[in-house]
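K.L.:
Kindly generate the complete structure, drawing on both the sequences and the hints.
Protein sequence lines, in the order shown, are assigned to chains D and H.
Numbering of the first sequence is given in my numbering, commencing with residue 23 and proceeding in unit increments.
Numbering of the second sequence is given in my numbering, commencing with residue 10 and proceeding in unit increments.
It is possible that some hints are incorrect.
[As the list claims (entries may be wrong)] Computed cross-link-like contacts, BS3-like style, restricted to lysine-lysine with a CA-CA straight-line distance of at most 30 Å:
id, chain 1, residue 1, chain 2, residue 2
1, H, K18, D, K53
2, H, K159, D, K53
3, H, K159, H, K18
By construction, these hints were calculated from the structure, which means they are not laboratory data.
Listed here are the chains, written in short residue letters.
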Amino acid sequence: MHEMSIAASMLEAVQAESTRHGAHVLAVGVKIGELSGVDSESLQFCFDALVQDTDLAPLALHIERLGWRNRCRQCAVDFAVEEYRTECPQCGSAETELASGNELEFAYMEIEET
Amino acid sequence: MTRVPMERKVLNENDRLAGELREGFLRHGTVCLNLISSPGSGKTMLLERTLASFEPSRRVAVLTGDIQTDNDAQRLARYGFPVRQITTGGACHLDARMVTSALAGWQPDAIDLLLIENVGNLVCPTSYDLGEEARVVLLSVTEGEDKPLKYPATFHRADLVVLNKVDLLPYVPFRMDLAREYIRRVQPDVEMVEVSCTTGVGLDTWRQWIDARAKAS
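P.N.:
Here's what the structure looks like:
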């Protein structure tokens, strides 16, 4: 359960950005990959619990979940990894590497100019 | 309402501190390893066996993380090398800030090898870079061989997987071939070593892996 620490880090960052832009932040968007080790529902819960006690409230969290995709080192095809099958669906090679899925990133903020 | 892009990692501050740590380790020629596993996979025992095999002149130091107690630091301090306990008081992982404060007062250029034993947890430590050069994930044969599939994020970021407690293989239904296949599925480039801290099998290979990193730095 490290989602509480992650939610706290997010609020610190949003607070800093809010001050920098001199604007009220309505929402923050994040990208969470399937391999990030972060559970989206748990993060949403922790975020909502923490934000209440800050002057950022009400602040919405928009989570975009990204699936696990690998790229083949032989034929360069990019494919969704399902059921942990990481071999290339096109050429059958076992030599594939992560293309996306370990994201734990901010994407955007929705602000109200003041 | 305006939407402004915010392209940065959520754990930016941790990554910044980890970057500073990594830079310091590189500058002083310190090899830093981050050991991650479930509770009870044998991280502390592996460190005990490793420290016991080192020459007293070896410039090695250990940080060990737990939610409570300094039991592990006491166990590890017997071998005569500097050891510090990081007690997180509830947090399920170490972060770069905790490592930075734990290192305070130690001469950075007097440490060639820094071993960090993370809090026993196969999920949370994954997201936190500690400035390590390599991540070592332990999986013991008393656990399920499908752990790499259940916790892909952790195994995906491993540089080395230590398959521990292999002396127990005759008594448990663990299939080593399947475990290796599952690890490869989530991280095709990973190295693996089979060890038993009880019989000592594989410990030479593990030490050679550490020494190869120390030489390269």
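K.L.:
Now look at each hint and say whether the structure bears it out.
P.N.:
To see whether the hints hold, each was checked on the structure:
Of the pairs offered as hints, the one joining K18 (chain H) and K53 (chain D) holds, with about 9 Å between alpha carbons and a cut-off of 30 Å not exceeded. A threshold of 30 Å between alpha carbons decides the hint, and for K159 (chain H) with K53 (chain D) the separation of about 21 Å falls inside it, so the pair holds. For the proposed pair K159 (chain H) and K18 (chain H), the alpha carbon gap of about 25 Å is at most 30 Å, so the pair holds.
Going down the numbered hints, you'll see the structure goes against none, and every one checks out.
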